[in-house]
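Here is how the chains run, residue by residue.
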Amino acid sequence: MAELNTGGGGGDGKKVRSKKSNPGVDLTAMVDLAFLLITFFMLTTTLSKPQSMPLAMPDKEKDPAEDTDTKVPEDRMMTILIGKDNKILWYMGMLATPRMEPTEATFGKDGIRKDILKNTAYAKKFADKPDEGLIVNIKASDAASYRNLVDILDEMAINKVQLYAIGDITPEEITLLTDKGLY
Amino acid sequence: MAKHKISKKSTRIDMTAMCDVAFLLLSFFVMTATAKQPEPKPVDTPASTVIDKLPEDGVATITVGDKQVFFTIPRASRRGTLERISKEKGVNFTEGEYKAFEGMEGFGVPLNQLKSLLSKSPAVRNAPGAQVGIPYDTINDQLTDWVKQAREAHKSIYEAQLQEGKINAEEFGKKADLGIAIKGDAKEDFITVKRIIDILQEQKKNRFFLITGLRNKDF
Numbered sequence: 001m002a003e004l005n006t007g008g009g010g011g012d013g014k015k016v017r018s019k020k021s022n023p024g025v026d027l028t029a030m031v032d033l034a035f036l037l038i039t040f041f042m043l044t045t046t047l048s049k050p051q052s053m054p055l056a057m058p059d060k061e062k063d064p065a066e067d068t069d070t071k072v073p074e075d076r077m078m079t080i081l082i083g084k085d086n087k088i089l090w091y092m093g094m095l096a097t098p099r100m101e102p103t104e105a106t107f108g109k110d111g112i113r114k115d116i117l118k119n120t121a122y123a124k125k126f127a128d129k130p131d132e133g134l135i136v137n138i139k140a141s142d143a144a145s146y147r148n149l150v151d152i153l154d155e156m157a158i159n160k161v162q163l164y165a166i167g168d169i170t171p172e173e174i175t176l177l178t179d180k181g182l183y
Numbered sequence: 001m002a003k004h005k006i007s008k009k010s011t012r013i014d015m016t017a018m019c020d021v022a023f024l025l026l027s028f029f030v031m032t033a034t035a036k037q038p039e040p041k042p043v044d045t046p047a048s049t050v051i052d053k054l055p056e057d058g059v060a061t062i063t064v065g066d067k068q069v070f071f072t073i074p075r076a077s078r079r080g081t082l083e084r085i086s087k088e089k090g091v092n093f094t095e096g097e098y099k100a101f102e103g104m105e106g107f108g109v110p111l112n113q114l115k116s117l118l119s120k121s122p123a124v125r126n127a128p129g130a131q132v133g134i135p136y137d138t139i140n141d142q143l144t145d146w147v148k149q150a151r152e153a154h155k156s157i158y159e160a161q162l163q164e165g166k167i168n169a170e171e172f173g174k175k176a177d178l179g180i181a182i183k184g185d186a187k188e189d190f191i192t193v194k195r196i197i198d199i200l201q202e203q204k205k206n207r208f209f210l211i212t213g214l215r216n217k218d219f
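In order, the protein sequence lines correspond to chains D and X. Note that full-length UniProt numbering has the first sequence beginning at 1, numbered continuously upward. Note that full-length UniProt numbering has the second sequence beginning at 1, numbered continuously upward.
The following block holds chain X by itself, in its conformation from the complex (with noise of 0.2 Å):
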């Protein structure tokens, strides 16, 4: 009989480094995430090849899908943008408002449903087909509005900047336009999303982004 024992390994790791590596992520995404904004329209963008970042800020996002239309501002510019559209429009907004739209990501209702929208909570105006879009046909052409008032607005921020000696001019020249991208679905027609091309044109917007995903070269 062999009188040498088999020293039993205990089935136990040690996990210390594992927790100290698990944390050490934990805390990096903590502390880069924003979150997800709900979009009041999910779209599929196409894909292209084109590796070009959209600027972080000063861009406003026109959403196309399902022929309807999304508009979302910039935060610092949403105020301005509803008091010039209040006093363009002749509709009042109270301050309560006001601190909705500032803090409502993208909408896509007609300036007369603006109202009811706001006063909703942020669940209930997000949710499937709560929005209807703007209307951007040439009738009753809102977009217009939106896009115009959204970029005088934009605008104002970096004029009263310029005045105040924070930004010089060339700065100014730089930042004043406001960026425009377009966010449409891969499967909308091409005619809605050329009536919204049209519609930056008329306003001398001739720069301006399409929002794409990405894919390699082999397709």
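Just chain D, with the same shape it has in the complex (with noise of 0.2 Å):
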């Protein structure tokens, strides 16, 4: 299409005829603004909607009427702690009285994610009934960054742990964490 005539005029003595006008236009420099107002237009849209991980939060003005004191199945229950450093110690069961010893892991599927499992093995074995699992109390200490928060959430997310919650570390779990050299 956008093309000259390149045919041999051949030197036979004919009369030169006049060019026929090509239709064919030269659209080279078109597509080139065309793709440079593509890439501009990729580069500035927000084409998709920011990703979100829906948290909630209990209530805590506490209903009196309520009995507070809610019974939690000790061995149901793994608390994680986070420390310095990307670290994390967690155990099963209380403090004073734990199911399993504290025990320091890391972020990541070779970490926290294969305890979690092997725990939720282990919780099961105690449940009542078949929807019952681990109980997840994450307590985050202040040498903790917002990334481990999200990071430890997305494991609840990747193992599925029906019931977790975020708990306020105790000054005993504070010294836990400092003799580990975590804090």
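Don't read these hints as lab results, they were simulated from the structure. For clarity, every value in this text was computed on a predicted model and none was experimentally measured. Idealized CB from N, CA, C, for every residue including glycine. Hints should not be assumed to be uniformly reliable.
A partial selection of chain X residues facing chain D, derived with a Cβ cut-off under 10 Å [what the hints assert, rightly or not]:
#1 L25
#2 A33
#3 V59
#4 K174
#5 G184
#6 I211
Bring the two chains, given one by one in their own frames, into a single complex with the hints.
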């Protein structure tokens, strides 16, 4: 289309014919411009809405009429403490009488995820109903970063932990972290 | 000598189709484009595997980075929020300042600096370091006021719609509460974010969103 007549005019004595005007337009510049604009719009557009993670916290003001001492089954409760330098310390049961001793762990698929999976299986043994499972209490220390919090919440989502909450760290737990050099 | 001539091929390509596609894409991007809003505080959000999308409207965003807090109110509720703040704090704003506030995406200044911020041009406002963040410590907790007034302003819009019969009670229940999203920098300290969460919980806002990036499960 966009080509010139290149046929041999042949010097056979004929008159030089006036060249046919070429109907094809040179589109190069137009395409250049179009792609430039495409690039511009692609880069400036926010096509995808930001990803988000829903988070529900328990109601702070407790109803005085309600019995606040809800019995938490010790056998199924796992506490995760987040210390400094992306380190985790976890234990099962109560701090004074742990079902599993406090263990150090790291983030990621080879770290805390394996422990959570193991503990989920452990907690299943103590479940009264089939839909009951592991209960995780997340306690981040002041040395933790926001990334650590999102990472651990993400682990909850990956491992499909049914029940988890973000709690306040106790002084005893801070002492424990300090002893292990994680605070 | 071979008489056979090799016919000269033209080196030009037919660009019509390419041009068509290019313009098709171009029109698509032009139509779907919503220009990226300049943010006073660009933050690097942490990544997660959760792929829930943030609701498109009715969400206010609290941006946290370098211990500074910025607040973005949905456009519809902006004017109402400032009116309520003005009434509560006894600061009067001119019509021009209301207009400027409505056009301003996110902001992060103490209330006494808001007037001077509104008088500046958008480019100056979003220059790094131009805004110092909304105070959120226990002594001077302005973030609580902003969140509270924004929620009330948002609610009043839907209350008016409910009274006019534009929406039913069920829809009102779903939409009336302003959603809050926390957009925190990955390197931000947990205590800063914890303080924001505490502020929200104090006003019985127990459900909110954490804005995250995307990653796969093998990290």
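So, going through the hints one by one against the coordinates:
Evaluation of the X/L25 hint against chain D yields a held restraint, the C-beta minimum of about 5 Å falling below 10 Å. Proximity of X/A33 to chain D holds as hinted, the smallest CB-CB distance being about 5 Å (cut-off 10 Å). Below 10 Å, beta-carbon pairs count as interface contacts, and X/V59 has one with chain D at about 9 Å; its hint therefore holds. A cut of 10 Å between beta carbons decides the hint on X/K174: the least distance to chain D is about 15 Å, and the hint is violated.
Contact between X/G184 and chain D, as hinted, is supported at the beta carbon level, the nearest pair being about 5 Å apart and thus within 10 Å. Taken as an interface hint, X/I211 checks out: its beta carbon lies about 5 Å from the nearest beta carbon of chain D, inside 10 Å.
In this structure, only the earlier hint numbered 4 is contradicted, and the remaining ones agree with it.
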